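If you're matching them up, the sequences are chains A and B in order.
Start counting the first sequence at 142; every next residue gets the next number (my numbering).
Start counting the second sequence at 142; every next residue gets the next number (my numbering).
The reader is advised that the hints may include incorrect statements.
Any copy, or any two copies together, can satisfy a pair, since identical chains are not distinguished.
[Claimed, not checked] Keeping only pairs whose Cα atoms sit at most 25 angstroms apart, straight-line, the calculated DMTMM-like set for lysine to aspartate or glutamate is: (1) Lys212 - Glu175; (2) Lys222 - Asp151; (3) Lys159 - Asp186; (4) Lys222 - Glu204; (5) Lys196 - Asp235; (6) Lys222 - Glu252; (7) Lys159 - Glu220; (8) Lys251 - Glu204; (9) Lys159 - Glu149; (10) Lys251 - Glu220.
Simulated from the structure, these hints should not be mistaken for laboratory data.
Keep in mind the model is a prediction, meaning the values are calculated, not measured.
2 protein chains.
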Amino acid sequence: MLLQIEFESDIPIYLQIKNQIIRGIATGSLRLGEDLPSVRQLASDIGINFHTVNKVYTQLRQEGWVVVHRKSGVMINPELKVEKNTDYIASLEDSLSNITAEAFLRGVTKEAFFHIVEKHYAGYIKEGRE
Amino acid sequence: MLLQIEFESDIPIYLQIKNQIIRGIATGSLRLGEDLPSVRQLASDIGINFHTVNKVYTQLRQEGWVVVHRKSGVMINPELKVEKNTDYIASLEDSLSNITAEAFLRGVTKEAFFHIVEKHYAGYIKEGRE
Numbered sequence: 142m143l144l145q146i147e148f149e150s151d152i153p154i155y156l157q158i159k160n161q162i163i164r165g166i167a168t169g170s171l172r173l174g175e176d177l178p179s180v181r182q183l184a185s186d187i188g189i190n191f192h193t194v195n196k197v198y199t200q201l202r203q204e205g206w207v208v209v210h211r212k213s214g215v216m217i218n219p220e221l222k223v224e225k226n227t228d229y230i231a232s233l234e235d236s237l238s239n240i241t242a243e244a245f246l247r248g249v250t251k252e253a254f255f256h257i258v259e260k261h262y263a264g265y266i267k268e269g270r271e
Numbered sequence: 142m143l144l145q146i147e148f149e150s151d152i153p154i155y156l157q158i159k160n161q162i163i164r165g166i167a168t169g170s171l172r173l174g175e176d177l178p179s180v181r182q183l184a185s186d187i188g189i190n191f192h193t194v195n196k197v198y199t200q201l202r203q204e205g206w207v208v209v210h211r212k213s214g215v216m217i218n219p220e221l222k223v224e225k226n227t228d229y230i231a232s233l234e235d236s237l238s239n240i241t242a243e244a245f246l247r248g249v250t251k252e253a254f255f256h257i258v259e260k261h262y263a264g265y266i267k268e269g270r271e
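Next up, chain A with everything else stripped away, as it sits in the complex (with noise of 0.2 angstroms):
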């Protein structure tokens, strides 16, 4: 797993981890019941203290993105199938209304916005999803 990471970004280290494995299931960049490193390993990798790790684990096991085995480490979930529940429906309205507004006033018309979105899902892998 190739992680970038920006120390001089104004997006926290943890949340740029994070968003890249879930980038990564969706691409196929990393396979449902691969492994990842342990936190420790990680934190090593890029040279952060494994708390920042720690909490990019954590919140990808309670979101459903990876398993914890005591013995065989993090894998991201062979069985993934995260549900499509009200609460995330409402907090994807909330920040599309975001970034929709400040979009528009940018300048960024509806059809560049689809355009960018277009791009991105035709990137994202259907197999062995369902």
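Please build the complex by placing chain B on the supplied structure of chain A, with the hints as guidance.
This is chain B only, laid out in the frame that chain A set:
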């Protein structure tokens, strides 16, 4: 201006306020040139620390959404014309990369995603914004 703050939310309060002001401009509930409450007034209305409001206004000013006059206070930038710069487009691409990946994995189809975007764009006003 009616702000709805969720004190229990994971989203920091300053960001909730900032997002709602930007959305207010996009939807027209805040007019260009409209006065905003003073930092202390708004802090007192919501019941939060004035440093939090100060952070919101500072960011909004830096990004060009509001202007601050020593005497007349803070108002929505009457000559709002926010630039669509390369940095902004890069950050929009990045946000949408994360959001669409999660939406896809949670079973939100591209069409359903478009539908949400469409709905928000339909609420934004163009009058007097060119």
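Earlier hints that do not hold, by number: none
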